[in-house]
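Number of protein chains: 4
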Amino acid sequence: MSPDYQSVLEAIQNEVVPLRRTGAVANYIPELAKVNPDKFGMHLQTIDGQGFSVGDSGESFSIQSISKVFALAMVVSCVGEKIFDRVGVEPSGSSFNSLVQLEYEKGIPRNPLINAGAMVVCDVLIEQLQKPKKEILDFIRILANNKKICYNENVAASENKFGFRNAALANFLKSFGNIHNNVNDVLDLYFHICSIEMSCKDLAAAFLLFANHGKVISADKALLTKSQTKRLNAVMQTCGFYDEAGEFSFTVGLPGKSGVGGGIVALHPHRYAVATWGPRLNARGNSVMGMRALELLTTKLGTSIF
Amino acid sequence: MSPDYQSVLEAIQNEVVPLRRTGAVANYIPELAKVNPDKFGMHLQTIDGQGFSVGDSGESFSIQSISKVFALAMVVSCVGEKIFDRVGVEPSGSSFNSLVQLEYEKGIPRNPLINAGAMVVCDVLIEQLQKPKKEILDFIRILANNKKICYNENVAASENKFGFRNAALANFLKSFGNIHNNVNDVLDLYFHICSIEMSCKDLAAAFLLFANHGKVISADKALLTKSQTKRLNAVMQTCGFYDEAGEFSFTVGLPGKSGVGGGIVALHPHRYAVATWGPRLNARGNSVMGMRALELLTTKLGTSIF
Amino acid sequence: MSPDYQSVLEAIQNEVVPLRRTGAVANYIPELAKVNPDKFGMHLQTIDGQGFSVGDSGESFSIQSISKVFALAMVVSCVGEKIFDRVGVEPSGSSFNSLVQLEYEKGIPRNPLINAGAMVVCDVLIEQLQKPKKEILDFIRILANNKKICYNENVAASENKFGFRNAALANFLKSFGNIHNNVNDVLDLYFHICSIEMSCKDLAAAFLLFANHGKVISADKALLTKSQTKRLNAVMQTCGFYDEAGEFSFTVGLPGKSGVGGGIVALHPHRYAVATWGPRLNARGNSVMGMRALELLTTKLGTSIF
Amino acid sequence: MSPDYQSVLEAIQNEVVPLRRTGAVANYIPELAKVNPDKFGMHLQTIDGQGFSVGDSGESFSIQSISKVFALAMVVSCVGEKIFDRVGVEPSGSSFNSLVQLEYEKGIPRNPLINAGAMVVCDVLIEQLQKPKKEILDFIRILANNKKICYNENVAASENKFGFRNAALANFLKSFGNIHNNVNDVLDLYFHICSIEMSCKDLAAAFLLFANHGKVISADKALLTKSQTKRLNAVMQTCGFYDEAGEFSFTVGLPGKSGVGGGIVALHPHRYAVATWGPRLNARGNSVMGMRALELLTTKLGTSIF
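Residue numbers (this note's numbering), protein chains in the order written: chain A, 9 to 314; chain B, 9 to 314; chain C, 9 to 314; chain D, 9 to 314.
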């Protein structure tokens, strides 16, 4: 018998509400700081098609680094595991935008879920796709079964104007020969995919791909092989939360990915995908309410992948 | 219906035999270099009590770092999660005996499965136990249901004589105040638990604890809570293979732990524990045959935790 | 009685000729690789106005990082020691273009003679000067008493096209708030001053400023105070040769500065300035013939500052 | 005409007295914390035999790291520059007891004036000398022309009891093969030479060796060649003040060495040696009063080596 997910989500919502004022909204780009910091939403979607929601689960927000998982899935569906010649699969042990490791390791990013790794992924997508921005957006729209998902051009422009650290990373990668295209083109694509806006509902729907061994449920179509899906889940498990990846594995026990827009998506293979949103972040850049909500979820359900 | 594990193990044995000459036996201590480098064994034990074996699965070898998991389980059963005040749960992103991170992070080891972390665990065990060496051995004997498991005093003495890097780590931890007992006492315990000898059969039997939500099957006794077990599995998943933790998650997809004696143990929660032994190591210190055997196992069975 | 400098220079030339084929010309930008690698020149200029030359001492070459000393002298003459709020005076212990230290030290470059430090100096010069490029060139022309000294626009353009590592550094500094102007403007000025071409004669003449307690001999004008001059010499001594600063102090014993164009300038306070040129570099980016020639100089003269 | 050194020293004393309460006495070993923190002494000794003193210049204190210069001078007098096969001459850019660089650079310390480098020097001295402790003490007694100079056994024992970081360094060096003798023997010698007690008068007298091109004035005997002396001065200049070496060059402009006992010795080649003592240290471990006193000295005399 399936658990009563709706009751569980409601209980979680009650428990995380007191955290609503804890942490700080990302403000390194002005556009992100405009969000209402008190929002909270959560949506769980099972692989047999049921959806459960609480709070602001239908409201769109900036997915930021969660987009790295979509870009990775797309590049793997295009070129397979060849991508891992240019980017590793090891946890970085450092913050998401560190240049230190990149210098010691000669321009090969530790994994595709830190900024430098996602830039290499973008570089390959530029080579592989005719119209990268359009095709990536289409890919995500199909996964989420929602044609209204869009880039936020203001956020992308804001990143472009203030994203000096990312410009440093992209130029650094280029200096090691691990960016093949023009640096500005890569940054433009990277900033755009980070600016995509989706709701918890959209994200949970889209991440069912990874819970459903690579098949899009709505389209009944395999985008990834079983083996590829398993591997992407493993990468999310070990690398999806910057220098808090161990902590998330430890307390939540599911593969997932967070973004500085306050979103977190996780999945239980063969069961469900779940997305949370709470704009205030902890010191390591992960949503305070989201981290707690997902810890409560696996505790209350009594199941994790471990 | 349960898979035909015996056939799978035999097929794996055939495929890994050609790797028998690849890699090099650990030689940083003379005692370890004495092993026959061509050995290979594998044993899989299910939670419903069945065992399957190929090769030298009954032969004992030096478990080395695999012992860190036993020490961690024991300390958690003694003091609970308080241990994580003194050692983290994040992957280190560096090699198992690096001092660099320890300096930057003021003496708090990244996780309990690198050398520095295991020394802190040993330090706590010395405080908690009356006769640490005896009690730890008893604990492992119960887990493996084998009273013949022993320390190898020659290996422990060899480590003590040549283990300057470990002595550096222990003194460094002490300088940060994260070792409370005498440095030599901590090193002595640490070197002893590394010297324990077990067979693949013993290891698979003992690791059933982690596949069986913390209960010892033979004794029908809970040593760890469900939540503790889940968390230890998560730590193994993200930290069990030094700087190859991501690679192991990626290709194998199970929580586990390796040792420089050539052993690897992994487990599929609620299903089985599996141990392999092949003394030749890859550049990162993990058994060449073992890594390949476990990759083949989850591929052939078509299941991993992801 | 003054030493017979001319004989000393000729003896040195004879000894360094056999090194003519040792080392490799800088080729990270195509324009620099076009130089004739077998050139050698040396010029020594005393503070009482005598000049001594051997080899290609009148031929102009790309001064590259030697320009950092001129930029530093100019910024100190403009804003005094306030510049040291934004850049340190400590040796870096790492290579000239490392980003690692900059990350750990939050965007404050170790000293003004590594790339990052020189970029901060350029940033201040852009704020202080009406026409930075013109005024810096005029400053150097006055020091060297040679109006023909010029930028090489091809070299500057080549740096701009291929200088991704420098672009990474400048963006990284900007991300820490230690570049106030537009990143591209700072890089443009930085690449231009590196592209300046001077001969050994020009360089020795210009560096007399530092041997002559801050007074330009030809113009009889104080550009720097005695104290400022002493301090710039100290910075050259500890930081002028990247990660070979200690070696240069050890074997030569004079303050100086090298460039990847193969030039080295050094000075003995109150006595002379001396410049060498040999395009082939050792592994640390310093001229093979130049390093040897200057070691021979202080050995043969029997005097260094130590 | 020689400057009026006595008046200069008295003026300096007046200016540094107000700093008497600034900074903190070294307390990492209990014995050092027992000193009266308000002491100040200064002694300048010229190569033509004159001595000038103010304050507590005749009182002995723990020379600590200043002893590294004596050990280095002695090893160079024994084995010449062969010592530099096992230790570098580059500034470290990090603190005196960092293990980070040692790990990256495979056990070759950056220079002989950081702890790790001095331990390698001690290791060589153990091999070279019959009775290392006695002979080193004799060497220093001859340099200072004072037979009463002694080890402080309490300080050495205190270091031995609490010096875990140094024990970590020594074991780490041993693990790289850059300690040949027993680790404890090397540490014992190292702790002993650090425990030597000398006054400002003793230190200035002893350092005349380096101002006097390697000749002991009292004994009219050459212990070092001119070239060796020049090189040791260069090493002091670039490496004598941990991560404040650049600052000391910049503000004082003389080669020298500091110790956490609050002593600093510096020298002007061919002119004088000067020692200061003030137990309170700045954040980088150098005497607050001493740094200021020496800056005032070269400012008031209007001369430095630059």
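The hints are simulated quantities; they were obtained by calculation from the structure and are not laboratory data. Be a bit skeptical, because a hint or two may be false.
Any copy will do: because identical chains look the same in the list, a pair fits if it lies in one copy or spans two.
Computed list of lysine to aspartate or glutamate pairs in EDC-like fashion (alpha-carbon distance at most 20 Å, straight line) [to be verified]:
1) Lys139 / Glu67
2) Lys234 / Glu303
3) Lys90 / Glu303
4) Lys114 / Glu161
5) Lys156 / Glu67
6) Lys169 / Asp193
7) Lys47 / Asp12
8) Lys169 / Asp196
9) Lys114 / Glu303
10) Lys223 / Glu143
11) Lys142 / Asp196
12) Lys139 / Asp64
*Identical-chain pair category, Lys169 with Asp193, by Cα at 20 Å*: both (14 Å within a copy, 15 Å between copies)
*When no copy is specified for Lys114 and Glu161, does a C-alpha distance of 20 Å or less occur within a copy, between copies, both, or neither?*
Intra 33 Å, inter 30 Å, cutoff 20 Å: neither.
*When no copy is specified for Lys139 and Glu67, does a C-alpha distance of 20 Å or less occur within a copy, between copies, both, or neither?*
Neither. Shortest intra-copy (28 Å) and inter-copy (52 Å) distances fail the 20 Å Cα cut-off.
*How do Lys114 and Glu303 come out at 20 Å by Cα distance, when the copy is not named: within, between, both, or neither?*
neither (37 Å within a copy, 28 Å between copies)
*Up to 20 Å CA-CA - Asp196 versus Lys169, copy category*: both (11 Å within a copy, 19 Å between copies)
*Indicate which option fits the pair Lys139, Asp64 if close means a Cα-Cα distance not exceeding 20 Å: within, between, both or neither.*
neither (33 Å within a copy, 55 Å between copies)
*How would you classify Lys156 and Glu67 at a CA-CA limit of 20 Å: within, between, both, or neither?*
within (12 Å within a copy, 62 Å between copies)
*Taking 20 Å as the upper bound on the Cα-Cα distance, should Lys90 and Glu303 be classified as within, between, both, or neither?*
between (35 Å within a copy, 19 Å between copies)
_Intra- versus inter-copy proximity for Glu143 and Lys223 (alpha-carbon distance at most 20 Å)_ = Answer is within; shortest intra-copy Cα gap is 18 Å, inter-copy 50 Å.
*Tell me, please, which holds for Lys142 and Asp196 at an alpha-carbon limit of 20 Å: within, between, both or neither?*
This pair counts as within: shortest intra-copy Cα distance 13 Å, inter-copy 35 Å.
*Pop the pair Lys47 and Asp12 into one bin, within, between, both or neither, using alpha-carbon distances up to 20 Å.*
For Lys47 and Asp12, the Cα distance exceeds 20 Å both inside one copy (24 Å) and across copies (51 Å).
*Using 20 Å as the alpha carbon limit, work out where Lys234 and Glu303 are close: within a copy, between copies, both or neither.*
between (27 Å within a copy, 14 Å between copies)
In the structure shown, a violation is registered for the earlier hints numbered 1, 4, 7, 9 and 12, in ascending order.
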